[in-house]
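**Q** For the protein sequence lines, the chains are P and C, in the order given.
Counting in the numbering used here, the first sequence runs from 25 upward without gaps.
Counting in the numbering used here, the second sequence runs from 738 upward without gaps.
It should be emphasised that the hints constitute simulated quantities derived from the structure, not laboratory data.
Fair warning: this is a prediction, and the values are worked out from it, not measured in the lab.
It cannot be assumed that every hint is accurate.
In silico SDA-like links for lysine to any residue, alpha-carbon gap of 25 Å or less [unchecked claim]: (1) Lys1065/C / Pro1239/C; (2) Lys816/C / Ala332/P; (3) Lys917/C / Thr830/C; (4) Lys1065/C / Ser1024/C; (5) Lys263/P / Leu855/C; (6) Lys816/C / Leu112/P; (7) Lys816/C / Asp202/P; (8) Lys1065/C / Gly1079/C; (9) Lys186/P / Asp890/C; (10) Lys186/P / Gly876/C; (11) Lys186/P / Asn867/C; (12) Lys186/P / Met871/C.
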Amino acid sequence: MVIGGIDIVLLIASMMVAATPILLAATGEMVAEKSGVLNLGVEGMMIIGAISGFAAAVATESPFVGFMAAAVGGAVMALLFALLTQYLLSNQVATGLALTLFGLGLSALMGQGYQGIKPPPTAKIDMGPLSDIPGLGPILFNHDWVVYLSLLLVGGTWAFLKYTRAGLILRAVGESHDAAHALGYRVIRVRIAALMFGGALAGLGGAYLSLVRVPQWTEGMTAGAGWIALAIVVFASWKAERVLLGAYLFGGVTVLQLRLQAAGIAIPVQVLSMAPYLITIIVLVIMSAPRGRATLAAPAALGRVFHASH
Amino acid sequence: MTGKTLQEQETGRTAPREGRREMTRDVLLTIEGLSKSYPGVKANDDVSFQIGEGEVHALLGENGAGKSTLVKMIYGLVKPDEGRMTFRREEYTPSEPREARGLGVAMVFQHFSLFDALNVAENVALGMDNPPPMGELAGRIREVSEGYGLPLDPERLVGDLSAGERQRVEIIRCLLQDPKLLIMDEPTSVLTPQEVNILFGTLRQLAAEGTSILYISHKLEEIKALCDEATILRRGKVVGTCTPRDSTAREMAEMMVGAELNAPQRAPINPGPVALQVRNLSVPAPSAFGTSLREIGFEVRQGEVLGIGGVAGNGQDELLLALSGEVKTPRDCVQINGLDVGDLGPNERRKAGLCTAPEERLGHAAVPDLSLMENALLSGAVRKQLTKNGFIDWAGTRRFAEEVVKTFDVRTPGIGTAARALSGGNLQKFVLGREIMQEPEVIIVNQPTWGVDAAAAAFIRQALLNRAAKGAAVVVISQDIDEIMEIADRFAALNEGRLSAPVPTQGLTIDEIGLMLGGAHGMHEAEVHHVQA
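The following block holds chain P by itself, in its conformation from the complex (with noise of 0.2 Å):
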């Protein structure tokens, strides 16, 4: 199956590679959002996510290790972030967005040394005859196997907030947190529990643009991919279906224009880079548009300070 030059199954394959880190981010900071705390430091955390997996995966030689180190990594940096917020209360937006500078900066300075260097690579899971289906095999049964976290954390996500009740818990606290605290629910610690889960992905998100899909460690390399994961979460109404959606159709639009330079088309390459952007965004705004429903999903106390005051 080859389209003006382009071939579809790989490109599919590789639009799944390409989405994996935003969809890991994405599916974090969508669970911090419905536990009721904004946190803006997604970028900052996927990059520490990043070095840190990096410098882990190379000094041990395991890709493994890399990643636990990449999610230990984002979910320090949610904890900090959880520190000021919840217990100092801090604001959210400033300190999102100082924690995502401190991010930049920590990383640069974590990377010394590490630049020009090859990691190990992270091998593909071996399917045996599956992967040879032609078509479905290569797209879907030969990647590595963070891909395949990734879509299990995602199924897992949304069967936690939908059918258990500490995802009910969750999203409670979300709704509003004084009505869950008079009913003796622990707010913060729900609140720590969740940002550290969304840091903990953004981190595995990050490690994975370090460790596969570049695969190198260059300074700010997330390239802005924390600030999609969030923009994905609030056009995809904290639905964690439309988070995959996003994530794909921006992966997808992001090879795609890829081959489309390398395939010589005629538009301006500016266009072509930020075409991502611009499509993801305005198909979630489109499928969010019907205000009534996308209101209601927003958690109602998303952003606000909680301060029990007895």
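Chain P is fixed; fit chain C onto it per the hints.
**A** Structure of chain C alone, referenced to chain P:
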């Protein structure tokens, strides 16, 4: 068990009563010497009383008397500084609500502890410690809610329910846990009279089944109708106990307030020409859970007070926004003294003679972090001419603010104090005073005495009547029917964004008002008992 000796040791303030009931009730909850202080205020001071099994016990007191703190201690949300409690003869020191619920103490909150975007079943599940699976829970909600005459659909979003239905969710949530003690914090403040009757029917049924109820209110008629015993709090202390059936409302009120109450005085009116005319006013709902206004029409004459009643969430806020000019309407929908102002903003309407005071004092009527002087300027600038060529006349503003504070007896250290620092009643006096001192020809207020103590409420009502006596048209939007009956000449009901035709308040009965308010939606007629004998 050493229950008997413990019971003999109990030193509650309610002496055993003879006569009313043949058998003595077992004591369920005993409170002894409970105290709780917050910085600068002693919320509870040596409070003691006890509740028997199957007893409906009233906790009576004004806003700020310490009722809420007391029940929060019983429910495990707040730890007492001193004192002890026993529950079913055992030492009772709940460290969190979960523990209290586990022992059989359930609570229906004054400001509902519900989540708008979740459905009924999810809300119920959140209030239970070991909820059954959702499917089973939905079945039990249906079963129990119908058993008590409070039908509920477990699938509906709570944000779409009326205030009465929302309260049912809370009650059902408690009932599903089979409580021994049910705490109800001001449960009727949001209900229509019919819904109150149904609630009382349910509570009597519960008490007959052996559940004790701690009923918190400042509405005396309700307490007389429902409660067996009453403990009266004032400034955190128990100031008396009584048997409500044997006491008059006036006696209880004076114990509660600690002073004699004066009913507002009003001069006989003779209405002048129409000052405010509203015609065919329709406004779409401003938010997902808001109410649309539909074809509202009424007129108010000079010197007349129109009371608009209705249960919360039936369009009161939206109506005030449309009248104040914060939401614009077609030009001829609103007329002040014959002038079309429908498409004008608040300042132009002020110029035309209309002043308003919204329900939300802090954040809508007043800017929390600005001083009283600055707040006085914000609404008074137009009519009192406090700005000149774009510059502020601070001397004039100061005079105006000081005049308001003095005339309306606002207790504040000075006019430089931030609005946030004032108590609810004082800030409300300031807000109302600020509007009335501008000598408007039409004044519209929403919930003028909500959360205000009785003395301040009486003052505010009198001030509104005085303004009417000076020839202003007054519109009072209120959920407090007693308030409307007290000061309004005519009454209209707001129900799902529609306004009924106004009728004279004289001779109106509580049942007629209830029917005008839309009665009790979806209630079983058979469950309706009457509050008043």
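**Q** With reference to the structure, classify each hint as holding or not holding.
**A** Outcome of the hint check:
Pair hint Lys1065/C plus Pro1239/C holds up; C-alpha atoms about 24 Å apart against a cutoff of 25 Å. A C-alpha spacing of about 14 Å is found between Lys816/C and Ala332/P, which places the hinted pair at or below 25 Å, so the restraint holds. The straight-line distance between the Cα atoms of Lys917/C and Thr830/C is roughly 16 Å, inside the 25 Å bound, and the hint therefore holds. With a C-alpha separation of about 16 Å, the suggested pair Lys1065/C and Ser1024/C falls inside the 25 Å cut-off, and the hint holds.
Straight-line distance between C-alpha atoms of Lys263/P and Leu855/C comes to about 15 Å, which keeps the hinted pair within the 25 Å bound. Restraint check for Lys816/C and Leu112/P: the C-alpha separation of about 23 Å stays at or below 25 Å, so the hint holds. Taking the CA atoms of Lys816/C and Asp202/P, the gap is about 18 Å. The hint holds against a cut of 25 Å. The hinted pair formed by Lys1065/C and Gly1079/C meets the criterion: a straight-line CA distance of about 6 Å does not exceed 25 Å.
With a CA separation close to 19 Å, the supplied pair Lys186/P and Asp890/C stays within the 25 Å bound. Among the hinted pairs, Lys186/P with Gly876/C is consistent with the structure: their alpha-carbon atoms are about 19 Å apart, no more than 25 Å. With a C-alpha separation of about 18 Å, the suggested pair Lys186/P and Asn867/C falls inside the 25 Å cut-off, and the hint holds. For the given pair, Lys186/P sits about 11 Å from Met871/C by alpha-carbon distance, which is consistent with the 25 Å threshold.
The structure shown violates none of the earlier numbered hints.
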